[in-house]
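Q: Listed here are the chains, written in short residue letters.
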Amino acid sequence: MGSGSLSTRRSFFGAAGGAALLCTIGGETVTIDGPRSLRKADAAAARVGRPRGAALSQAILPIQPAPGGVRKEYWIQAETARLAITPGRRDEWHDKAVPGGRNEFTAYVYREMTPGFAEYRFGAAMPGPMLTAEVGDVLVVHFRNGDTKLRQAVTMHPHGVKYNPEYDGSYMGEFTRAGGFIAPGESFTYQWECTPDSVGAWPYHDHGPNHTLNTFRGLFGSIVVRPRGAKWPDRVYTLFAHTLPPPVTGLERAFQCFNGRAYAGSTPMLVSRVGEDVEVHAIGMDSNFHTFHIHGHRWRDPAGAFIDNPTFGPNETVTARFVEDNPGRWLYHCHVFSHQDAGMAGWYVVE
Amino acid sequence: MGSGSLSTRRSFFGAAGGAALLCTIGGETVTIDGPRSLRKADAAAARVGRPRGAALSQAILPIQPAPGGVRKEYWIQAETARLAITPGRRDEWHDKAVPGGRNEFTAYVYREMTPGFAEYRFGAAMPGPMLTAEVGDVLVVHFRNGDTKLRQAVTMHPHGVKYNPEYDGSYMGEFTRAGGFIAPGESFTYQWECTPDSVGAWPYHDHGPNHTLNTFRGLFGSIVVRPRGAKWPDRVYTLFAHTLPPPVTGLERAFQCFNGRAYAGSTPMLVSRVGEDVEVHAIGMDSNFHTFHIHGHRWRDPAGAFIDNPTFGPNETVTARFVEDNPGRWLYHCHVFSHQDAGMAGWYVVE
Amino acid sequence: MGSGSLSTRRSFFGAAGGAALLCTIGGETVTIDGPRSLRKADAAAARVGRPRGAALSQAILPIQPAPGGVRKEYWIQAETARLAITPGRRDEWHDKAVPGGRNEFTAYVYREMTPGFAEYRFGAAMPGPMLTAEVGDVLVVHFRNGDTKLRQAVTMHPHGVKYNPEYDGSYMGEFTRAGGFIAPGESFTYQWECTPDSVGAWPYHDHGPNHTLNTFRGLFGSIVVRPRGAKWPDRVYTLFAHTLPPPVTGLERAFQCFNGRAYAGSTPMLVSRVGEDVEVHAIGMDSNFHTFHIHGHRWRDPAGAFIDNPTFGPNETVTARFVEDNPGRWLYHCHVFSHQDAGMAGWYVVE
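Protein chains in written order, with the working numbering: chain A, 3 to 353; chain B, 3 to 353; chain C, 3 to 353.
Each hint should be verified, as a subset may be incorrect.
Since the list can't tell identical chains apart, any single copy or any two copies may satisfy a pair.
Unchecked claim - Straight-line Cα separation of at most 27 angstroms, DSS-like style, residue types lysine-lysine; simulated pairs: (1) K74 to K164; (2) K74 to K42; (3) K233 to K74.
Hints listed in this document are in silico derivations from the structure and should not be mistaken for laboratory results. Quantities reported herein were computed from a predicted structural model and do not represent experimental measurements.
Working from the sequences, and respecting the hints, build out all of it.
A: Okay, structure coming up:
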């Protein structure tokens, strides 16, 4: 103590939430607090064997959509990628350089591909693709574990949609079904039904044997389901609020992020025009609780009350939706002071 | 740091939330961080004298129920008991043994008895009995402090129901009323009115001079009030999300629990059948915030929005209610990663 | 470890949340953990220069209220003041003296003044004045940075109301507008519109270059907007839940506060009479999450569900409103055990 600078890793950990990450991996509990324990966690995950009930002899019986619905197909591959947390190198809110420059680390992300896993649609990024559907549709997600370095099973587990246990995408020890253990190089097709109670914005994420570590690394994305025929807003944004701590990144300090990026200038810049119908979904994806605030804007919560800064927890969604009427450059941020000061902020520009 | 194992108590405390427990006991502040300070806290609690206004000369004037209602009587005794946090010895989610076997500790629990404190109705367990009533009823709770070892006053403080200050069940220094200080061996009868705004599921818990420590030890239970004549669901479950930290248990590490148990295989196994009306109440009972997620299921929040993982705080309730339509074995868990990986998970089996 | 007393600062910090405060100040990140780093943070803030776009050449174009509305003017000055956290010296809940006596520290507060900054309306206190308005009004806030000691810019940033970027009151680096950088001795007039979606209770707070530290010091207040012509309740209270940690106060330990005060006997005593329409707004103002509980009372959440202990986050409001029907002396408190035991509790007395 005593010094106010970032002189010691320990002091920063305490203040910015970069403490050790606790993971239970195939029943082995590992406290990740540095590169050695990170390797140990991955080694433990690589040792987890395929559960008996999780054989991949998948005879896909196509689940039919409800009348008027469609089978909407996605091709998604999980793989590691070097990503930068602060590619803008500056904290534009406070007008200063971010120490560490781009702050790259090895992320683990879902990447959307063209049919048959032919080509990448986009560059590697966090989060994975937004899966969109209407009530009555079936989301058909062809998933491939494309990673060769970490040698461990991963999955896709969705919130909000309906699925039978085969498509839960969760490792559950001896109770695991096929979709809950996709080893490196393997593929699996999930079928998720969009029922009337699926309307909303939801996360999906890894739920394999090393899910906490791999979710912290970036294996998450969003699902947005609307009523059949509902108007799509003019702008739809999804912002995942999460931390990238030193145990996961190997970097000197923790970053409080939106979508894998920290600090205005690197986090997503939201844009809209006056008169547009704007929708922003904020979703928690770490072990912290957050709030979501957009300067200059208010909206209704599901009960109809006016809010501008609601609380949300891990894998919970809050949605801001409004007709834009206030031009300018605005900050959006989590209002937990220790989060906003460690990067959880960005720009929203209304032209 | 450096090691990824559970080799040191310190490292685990940091990761699993097992830090010291701060208690204010009769104005004495004790930071409980081990057996010695635990004894010190109990000794401080034993020194708290009966406040002047808390004489037990209780002339019970029966509070009459509203027309159509009844006086519903319970007999409940508080006592210590050796309970196991992981009686199943295995983490079935991750298919591994839990270190420490059954992990027993000295809990403090409410036990339901037959009229006149004649016999125990059930074995000692956490939480205490679910008190149920309809609007218009008066809950009449005959309470006895049956513990002889800890030599300190305890109480029952309810949420959700209406009561006059005598039946608040809270120690308040010189402002304490009779129901706020029930010494070892003493009895007191609480009368709690179920008014129209009592509809819902609520916690009750100790609010005596050592309430934080004793609530952490297990002195809590639930109250469920329904509109008069309302249909009772086919299944009603109450899950208290709370931590059992080393200062309280004397064990090597913290456990993140549902109902005093940690890890699927030891936590309550919820069961139902397709077509049944199922209701699950999740209630916070520690200093953390939690979310409650059931795989494969969604429900409406009070505003009518669809959710599957709402946030809740200490002594706050969130309720999942749905007609079961999805057979299989499902995980339920808190979605705070550091909680679910330290035991806060269980099975829900739909036949 | 080992000792259960408050013998070491470290142990108490861990238990009562008094850890270091992370601040980003003009892009400089300072971890405040003692007097030296506190001075360093203030020095960093004093070095932040006026951004180019934040020239104070303010030609006020009065924003006109909606038909039926008014321009409601306030005069508010920010200044430091020595305030006591525990002026009552006793924890009346637990009937014991609070160590440290009055526990004074240097706060930073908003003070309401008469027109033209002629005179103080009240003594220095935390929070700043409650600004009240109806839909259609324009809140016209003449603000002066009246502090001479800390030599840094501060602002007023409101929630809930509508404003153009000039009146956002936020430092944003090179994107800062005039209202986002009010240097010592300078004044600025904010104009905030109360639109239909402004109905509710909201915080305002500093959002200048050193906003985290200065907000923790006490630069916050409330705004309450009602529908035009709506009945004002008989009693309206605003309670800010926040921590005053050692890095900010220089005191031995952290205090968990309502309105800058800790422990029943020093925190605000709420009063009402049976039959009155009572409204209590609880607003978070630190980096923690809280719940708000009043013994003996229940109320409706915005969705119409009955509650008595809702969760709220930093700069989020929850409102209890009820017709008083239960005479007596009641505790109100945050139900996070580690908060209520460190001071976040008070009395509500119904005559």
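Q: Tell me, in ascending order, the numbers of any earlier hints that this structure violates.
A: Number 2 - this is the single hint that the structure violates.
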